[in-house]
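**Q** Here the structure of chain A is known, so what remains is to put chains B and C in place on it, guided by the hints.
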Amino acid sequence: MRVLPRPRTSAVASTASGMGHLYSRWTPYLFLLPYLLAFLTFRLGPSLFGLGMSFTRWSIVGSPEWIGTANYELMRIDPRLDAALKNTAFFTGLTVPLLVVLSLALAIFLNQPHKGRALGRVAAFTPYVLMSTVVGVLWTWILEKDFGLLNAYLNKLGIGGLPWLVSQDVALYGIILTTVWWTVGYGMVLFLAGLQDIPAELYEAARIDGAGPLHLLRHITLPLLAPTTFVVLMLTLINSFQVFDQVYVMTSGGPGTSTLTLVQYIYTTAFQNLRMGYGAAVATLLFGILIVFALIQAYLYRRGIRGVAS
Amino acid sequence: MISMRLLGKLIWYALLVALVVVMLAPIAWMLSTSFKPETEIATIDVHWIPRTFTLDNYQRVFDRFNILRWTLNSLIVSTGATLLVLLLDSLAGYALARMQFAGRGVIFAVILSMLFVPMQITVVPLFLMFSKLNLTDTYLALILPVGANVTGVFLMRQFFLNIPYELEDAARVDGASTLRIWWSVVLPLARPALTAVAIVTFLSTWNSFFWPLIATRTDASRTLPVGIAQFMSLRPGQAQGAQAYGQAMAGAVLAAMPPIVVFYMLQRYFIEGISMTGIKG
Amino acid sequence: MKKMARKLSVMLVLLALLLPAAASAQGDVVTLEFWGGWTGPDGDIMDQLVQQWNAEHPNIQITLTRQQWSPLFDAFVVASASNEAPDILAMHPQELAQFIVLDLLTPLDDLIAGSEILKPENYLESAWNPNVYEGTLYAIPLDLHMHGLYYNLDLFEQAGIENPPATGAELIEIGKQLTVDANGNHPDDEGFDPNNVVQYAINMHSNHHAFFQWWALYRQLGGELISEDGTECAMDIDKAAQAWQFLQDLVYTHHIAPQGQTDYARDFLSGRTAMLIDGPWQMPAFEAAEAETGFHWASAKYPQVFEENYAVWGSGHNLTLPSKVADPEKRDEALQFIEWLAANSTAWARAGQLPAYREVMESEEFRTMYGREAFIEMMPYEVFLPGIPAYNEIFASNAPTPMMVMAQSIMLEQADPATAAQTACDEITFILQMQ
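Protein chains in written order, with the working numbering: chain A, 1 to 310; chain B, 1 to 281; chain C, 1 to 435.
Treat the hints as calculated values from the structure; they're not laboratory data.
It should be emphasised that the depicted structure is a prediction, and the values quoted were computed from it without experimental measurement.
Do not rely on the hints blindly, as some may be mistaken.
Now the stretches of chain B that chain A is said to cover, found in silico as 3 or more residues with beta-carbon under 8 Å [unchecked claim]:
#1 72-82
#2 86-96
#3 137-147
We put the CB at the ideal spot given by N, CA and C, even for glycine.
So here's chain A without its partners, still in its complex pose (with noise of 0.2 Å):
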């Protein structure tokens, strides 16, 4: 049921169609009120009077100034919004792919027939129920330079340590590891169910054939999967390009701008700096960009699923 769900979209319009009289036309805004009266106060009046604001000088206390487009125009000559944009890039350009491989690779690894998978899937999830106070006060404790458990190991397998935090050259990747030992457990699970939908006898009939594991990898598990790892993809992308809440515990974006991100720049413009304007002009941009993402990968998915299917 999950393989086809495209075909069934359609169902709903004839069925839906066939027997309209069966509900009154004013029935589903009924059935959709009392969230749309939600999402509305809390979610989409807030965002466009983000929007508004953006067109502002606004100090979050007092009356906000109309000021145009000068917020936009500020950004083009902006270090501090470069150094985010290019932290952000950089933390989404390794941190997506990492997940997407790493959960993957788990979920076929712990989808093996072995007794004692369960026991994986338990511990690769564990981190995942964490609240981020505590996976960033826990992993600046363990990427701690001289007396951290990583570090430790490290010294001790003649590596030698790095100076995680503090290390404008290394602090991003102690967020990116930490990020990753965070949610890798999400994509995995995301994964399992994938591959539990798989046929089990299109593997018995490669494998009479002849079929390699690495033959079955990448012509049946890796395809079949395909619209699981689009979902993958699309939350690691929203949620790696608005990273905050890790940034926000371990670094403020520091040492000096090496782990400053687009989110924590926002946070700290609008509640820090106290130009509201400024930060919800930088949300709008961040806005755009992910909007522009997700166009790209929806097209590009339909593109597949149709080359796929024709």
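**A** What follows is chains B and C alone, placed relative to chain A:
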């Protein structure tokens, strides 16, 4: 051939052990540190079992902070928010998936697009609103905004797209109203999706930090993440004085234990539930 | 109509006059919200003080909210936007201006006019004056703090050193004797291995305290940072670079301080560094270590590295009355509490803070507390960072502000001090002109 398979199995188990160790070691280290006296914590050599086992760190956390109250607040808020989301999202998801009406596509697209708006930007208008209603520092201020969540609606809609029509049609023929069908036919079928939404909502509300920080003022409504934040910073110079690792780790353990215990007890539902969140549209 | 309106208004006025009387007659309890960023042991002592007050004053009950400074101010600003600010808010003098220009704090001159306690002559000048912004008082000082020099008496004795360094030259000279690598060599010895040092002479901050130290040295050279009209950076790049160079050399040339140190208090307690430059808030931990493990420590003044004039980085805590509160009528009660706190700040001094209230500061009980003497001597030489409206944007410790970026690039990445200082100066001007 048999020895090859045995070798493969051995490698698999070796990797499994490595995986379990890597994923759980940080949490074990957190536990271990929380039972050590501060003098034993920052030493270069690693020892997992505390040489001097102490409960002082926990004692200090309990003495200094109202951590039980924060936990209770978090429980109430997360439960309330989860119930609210289950109700709103199963109604909305049902309409979006199973009914034809003008603006359906646009409404769904606008809802989804809100995933791309960083929450930092919506916090101030939210606060102004709750303040006008005289609701700051109440459970309601923490619960109501969760009702606007996007993932829940998305999940419910995706699930409803995929359930068969026959049961509904039968109920309709029997003359049941749409609301009745939703309640007694569709919802029972949607248990897996509801579980998923419940777990995701509960977790994210339990862990949420920034909005509760702004919206709460006293221990009457302060939640766990906000409460523990005051003694959890380990960045040098944040709290003036030496970093108290033991105490921070004790706080971390206390904050981490409820979700971990619940997860271990209900792990099957968790993993099934979470895997629902990946259903494709 | 008019008559009725008049009658009504008379009744209202009467009511208004009667209500407070009725309230006090019934013994109604006034509750005050008090927010502070003390999250360490100092916060516990403040909590105890508040509890003591609450026990002694059943009619005025205070709720203390503790949170780290930065999120505390986030919540303060947002709460102010809808008149829900706390009744009393603690902060640091240099942070006042940014809130004053937004009209978030109450001017205090008129309110304290009748007070016998809250008067400038009862306070140290260096503590009182930074709370005056453009001629108006906005906060009552609570305490001062500044960098001092702690040293490990045992390690000094082992190395045969009697006195702590008082100048920059002495710091380097003594520092070399106190720095030892794994083979027992000192920095000037042949075969000294800077990558394998087991004992450093002194700590080196990798956080905002690095630029606090730079600020002290730069002020010792007589440098200014912001132009008088507040519109541009007035940094003397040569002096700025000279001050940074001294700090950078301690790490990278003389090898007497570690690079990228994170837990300097612990390193000092464990003997990994023989000296520590940090604030008076460390003393309770050292006292505890002395009681537990016999750790021997003493304190001295921050060294005078440059001869021009003596200066040491400092700040302090103060108490403000936010203006955007639900009920401004509670201000008198709030001031009563602040008066009481001043007189009872001996307990606060035990948290390592240096009381700003003269009577307590000059009391025998405080002056004879171990280790305080050096800090008391430094009080008049304390230099605050410029309290300007853009303070947070330029100086905040938890964001990539120009000062943080300058400090970390120089001290962690060994950037060229003059170049980094020039970059910071350009950024500061950029920020000031955006205002």
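**Q** Take the hints in turn and mark each one as holding or not.
**A** Against the structure, the hints:
1. A count of 0 residues in the region 72-82 of chain B with a Cβ less than 8 Å from any Cβ of chain A is obtained; the coverage claim is therefore unmet, three being the minimum.
2. For the region 86-96 of chain B, the proposed coverage by chain A is satisfied: 8 residues have a C-beta within less than 8 Å of a C-beta in that chain, meeting the threshold of three.
3. A count of 3 residues in the region 137-147 of chain B with a Cβ less than 8 Å from any Cβ of chain A is obtained; the coverage claim is therefore met, three being the minimum.
Checked against the numbered hints above, the structure violates only hint 1.
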